[in-house]
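Enquirer: Read off the chains here:
Number of protein chains: 2
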Amino acid sequence: MVDKTNGSTTGTAAADDRETVADKTIADKTVADMTVGIVGLGLIGGSLARRLAARGLHVIAWNHRDHPYAQAEADGIRCVASLAQLAAAKPRVIVLCNPLKAMPAILAELKPVLDPAATTLTDVGSVKGMVREQVEAAGLGECYVGAHPMAGNELSGWQAADPALYDDALWAVTVRDDTSYERFRDVANLIVSGAGNRIIVLDDTVHDQAAALISHMPHVVATALINQLVDDPNRNIAAALAAGSWRDMTRVALTDPNRTRAMVDEDAANVESLLRAMAGRLTAVADALRDGDDGAMTRFFADGQPFRDYKMMQRSDDVRYEERDVAFDPSHWQTELLASARRGEHVIGFAGDHAVCVQVRSAV
Amino acid sequence: MVDKTNGSTTGTAAADDRETVADKTIADKTVADMTVGIVGLGLIGGSLARRLAARGLHVIAWNHRDHPYAQAEADGIRCVASLAQLAAAKPRVIVLCNPLKAMPAILAELKPVLDPAATTLTDVGSVKGMVREQVEAAGLGECYVGAHPMAGNELSGWQAADPALYDDALWAVTVRDDTSYERFRDVANLIVSGAGNRIIVLDDTVHDQAAALISHMPHVVATALINQLVDDPNRNIAAALAAGSWRDMTRVALTDPNRTRAMVDEDAANVESLLRAMAGRLTAVADALRDGDDGAMTRFFADGQPFRDYKMMQRSDDVRYEERDVAFDPSHWQTELLASARRGEHVIGFAGDHAVCVQVRSAV
Chain X
158 MVDKTNGSTT
168 GTAAADDRET
178 VADKTIADKT
188 VADMTVGIVG
198 LGLIGGSLAR
208 RLAARGLHVI
218 AWNHRDHPYA
228 QAEADGIRCV
238 ASLAQLAAAK
248 PRVIVLCNPL
258 KAMPAILAEL
268 KPVLDPAATT
278 LTDVGSVKGM
288 VREQVEAAGL
298 GECYVGAHPM
308 AGNELSGWQA
318 ADPALYDDAL
328 WAVTVRDDTS
338 YERFRDVANL
348 IVSGAGNRII
358 VLDDTVHDQA
368 AALISHMPHV
378 VATALINQLV
388 DDPNRNIAAA
398 LAAGSWRDMT
408 RVALTDPNRT
418 RAMVDEDAAN
428 VESLLRAMAG
438 RLTAVADALR
448 DGDDGAMTRF
458 FADGQPFRDY
468 KMMQRSDDVR
478 YEERDVAFDP
488 SHWQTELLAS
498 ARRGEHVIGF
508 AGDHAVCVQV
518 RSAV
Chain Y
158 MVDKTNGSTT
168 GTAAADDRET
178 VADKTIADKT
188 VADMTVGIVG
198 LGLIGGSLAR
208 RLAARGLHVI
218 AWNHRDHPYA
228 QAEADGIRCV
238 ASLAQLAAAK
248 PRVIVLCNPL
258 KAMPAILAEL
268 KPVLDPAATT
278 LTDVGSVKGM
288 VREQVEAAGL
298 GECYVGAHPM
308 AGNELSGWQA
318 ADPALYDDAL
328 WAVTVRDDTS
338 YERFRDVANL
348 IVSGAGNRII
358 VLDDTVHDQA
368 AALISHMPHV
378 VATALINQLV
388 DDPNRNIAAA
398 LAAGSWRDMT
408 RVALTDPNRT
418 RAMVDEDAAN
428 VESLLRAMAG
438 RLTAVADALR
448 DGDDGAMTRF
458 FADGQPFRDY
468 KMMQRSDDVR
478 YEERDVAFDP
488 SHWQTELLAS
498 ARRGEHVIGF
508 AGDHAVCVQV
518 RSAV
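Chains as they are written, first to last, in the working numbering: chain X, 158 to 521; chain Y, 158 to 521.
Hints are computed from structural coordinates only; laboratory data are not their basis. Accuracy of the hints is not assured; some may be wrong.
Stated by the list, open to error - Straight-line C-alpha distance at most 35 Å; calculated DSBU-like pairs for lysine-lysine: (1) X:K247 to X:K268; (2) X:K468 to Y:K258; (3) Y:K468 to X:K468.
Claimed, not checked - Stretch-level coverage of chain X by chain Y, calculated; a stretch enters the list once three of its residues show a Cβ under 8 Å from a Cβ in chain Y: (4) 370–380; (5) 413–420; (6) 439–453; (7) 456–467; (8) 497–505; (9) 515–521.
Think of the CB as a built atom: it goes at the ideal place given N, C-alpha and C, for glycine as much as any other residue.
The task is simple: from the sequences and hints, build the whole structure.
Expert: Have a look at this one:
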């Protein structure tokens with residue numbers, strides 16, 4: 158079973174429990190002597206570096222500007238002047254926390270200095286297929302395991318960095334059929350034992366489709382809603398009548414449209430397909446309203462019930478997640494861990510060489 | 158100009174200002190001696206009755222059950238045992254605050270006892286075309302002026318009734334070409350001077366289209382989103398990755414689907430048309446993504462900018478709304494007040510017989 162000292166096995170979502178995680182020094186031998194390299198000390202990278210250092214890992218970091226270095230050093234983070242110095246320290250894992258647009262340049266700079274035998278490369282990018290292509294293009298594909306932490310807020314930069322940003326966080330870890338199990342395990346251990354977080358193991362395609370479903374496509378829908386209002390001759394009347402439902406459904410359309418567009422462009426094929434599916438659903442309801450099709454309307458309003466039930470369960474005050482150990486065949490660990498994720502299981506630790514301990518967290 | 162004592166002319170949205178409105182006894186002679194009948198002492202009707210009584214109006218009420226009567230009487234609301242007694246008191250305005258499904262039965266009961274020469278009928282229903290049809294069917298069309306207050310919360314019933322529910326509220330008042338100006342003015346005065354609220358003057362069609370745009374259609378879109386997730390083979394993974402954008406865009410899909418369906422059915426033609434328009438917008442973005450149509454994508458993310466700018470302005474700390482007097486031709490008061498609403502002007506009082514004082518509140 159998982160090491161109970163890592164703080165993520167409580168099974169409750171209570172804030173009290175979570176708040177102790179960030180500053181807890183871990184005893185887990187698998188990561189206590191691990192050196193982790195962090196590229197980019199912004200909100201995401203800075204928060205991770207501070208959390209890992211606070212929990213007892215050796216953290217070495219590089220940032221494109223050195224303004225956070227004094228504070229980072231005070232937090233126990235060793236800061237270096239170049240990516241070459243970072244790579245020379247031979248960290249077990251380097252986490253690329255730089256902006257996606259800087260990825261090709263940083264990978265090109267790392268390629269000649271990184272020792273693939275010593276270091277595994279991972280990242281925190283919100284799309285996984287595109288990052289893997291860039292890593293492959295840089296000739297670093299063999300070292301790479303993808304990652305995407307579900308953490309963030311509306312702030313940015315080192316000044317906003319906070320170890321608690323990762324409290325109770327879930328990470329998607331993305332692998333391929335040819336991903337080395339040892340490299341995967343190093344990244345997974347860094348997250349579950351090092352950061353005290355949960356993981357689900359996916360492939361790039363499943364990750365990017367799911368991200369399109371729950372974020373990229375809905376951003377387009379929200380934008381289409383405000384466009385619909387602006388195009389209406391009675392838009393000032395509609396704006397006057399707008400209340401909570403409109404406010405919530407259009408909130409994400411109010412953020413920087415260029416950032417939204419970049420996110421959509423990076424996941425274009427998945428967003429395209431989901432937009433067509435949504436257009437089909439809306440047209441089907443329109444047809445049912447035109448035809449007075451009671452059966453179709455009843456089904457439309459019933460189909461989502463499993464999600465309503467799931468949210469109701471999540472909101473209950475004393476939600477407790479079932480925990481179990483899941484053994485997997487070492488020769489098919491990727492597909493078996495993906496199947497576990499499909500069951501709504503989140504990995505909170507390893508239970509031997511080829512078994513994980515999971516919580517059933519998102520079974521809709 | 159409007160009577161400055163009615164509390165709604167401050168021009169700011171500051172909570173400090175609003176909180177004083179509910180309990181303020183009004184001096185406005187146009188409504189101080191007005192008797193108002195309230196049918197239904199639930200959240201909406203109970204809050205209105207308490208607010209009007211607190212502000213010095215004579216309020217008489219009937220409820221289908223008498224459990225709130227003791228508390229209501231203590232609040233200065235005269236409670237009666239039947240609709241016949243309510244009508245016999247000849248209130249200047251009766252506000253129908255009963256559930257929409259009870260409307261036909263209540264109208265049928267009112268018809269033989271209501272004195273059309275003494276009383277104007279209004280309501281608080283969230284759809285206006287259907288209510289007017291019911292009022293017409295009951296033979297009470299000549300007495301009727303529609304109304305829909307933008308007030309409410311997730312609660313219901315007399316126990317949740319709170320005069321502050323109407324703080325800074327906007328009401329849509331719906332009229333037809335044959336609506337009596339005197340009846341309109343009684344209802345409008347009840348709202349602006351009696352309740353201390355704002356109004357926009359609409360016709361039923363414009364109201365129901367706008368309500369479909371900002372509420373009924375988005376509820377269908379939110380429902381389609383959760384259906385899309387539930388239908389996905391990777392739904393548990395998508396649910397795991399879901400964050401703030403998904404939560405906000407699907408919140409209204411979690412409420413009672415039967416209530417949502419009833420709302421959609423009551424405004425079916427408008428919802429149908431808007432769903433087709435939205436399906437067209439989503440398909441156009443899908444096509445642009447497929448074709449790499451940079452121009453179309455740029456336009457899509459730019460089209461809603463006036464709404465973003467409007468929300469930004471609204472959120473500023475010291476938002477002040479321009480006030481002006483708007484005179485109108487008595488023979489075309491309906492269309493001229495509708496034109497005022499289209500300019501984003503909200504009526505806060507009368508300025509003579511044929512002019513209103515407005516605040517420019519929702520100019521997108």
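Enquirer: Each hint: holds or not?
Expert: These are the hints, each one checked on the structure:
| no. | hint | verdict |
| --- | --- | --- |
| 1 | X:K247 to X:K268 | holds, 13 Å |
| 2 | X:K468 to Y:K258 | holds, 30 Å |
| 3 | Y:K468 to X:K468 | holds, 29 Å |
| 4 | 370–380 | holds (count 9) |
| 5 | 413–420 | holds (count 4) |
| 6 | 439–453 | holds (count 6) |
| 7 | 456–467 | holds (count 10) |
| 8 | 497–505 | holds (count 5) |
| 9 | 515–521 | holds (count 4) |
Checked against the numbered hints above, the structure violates none of them.
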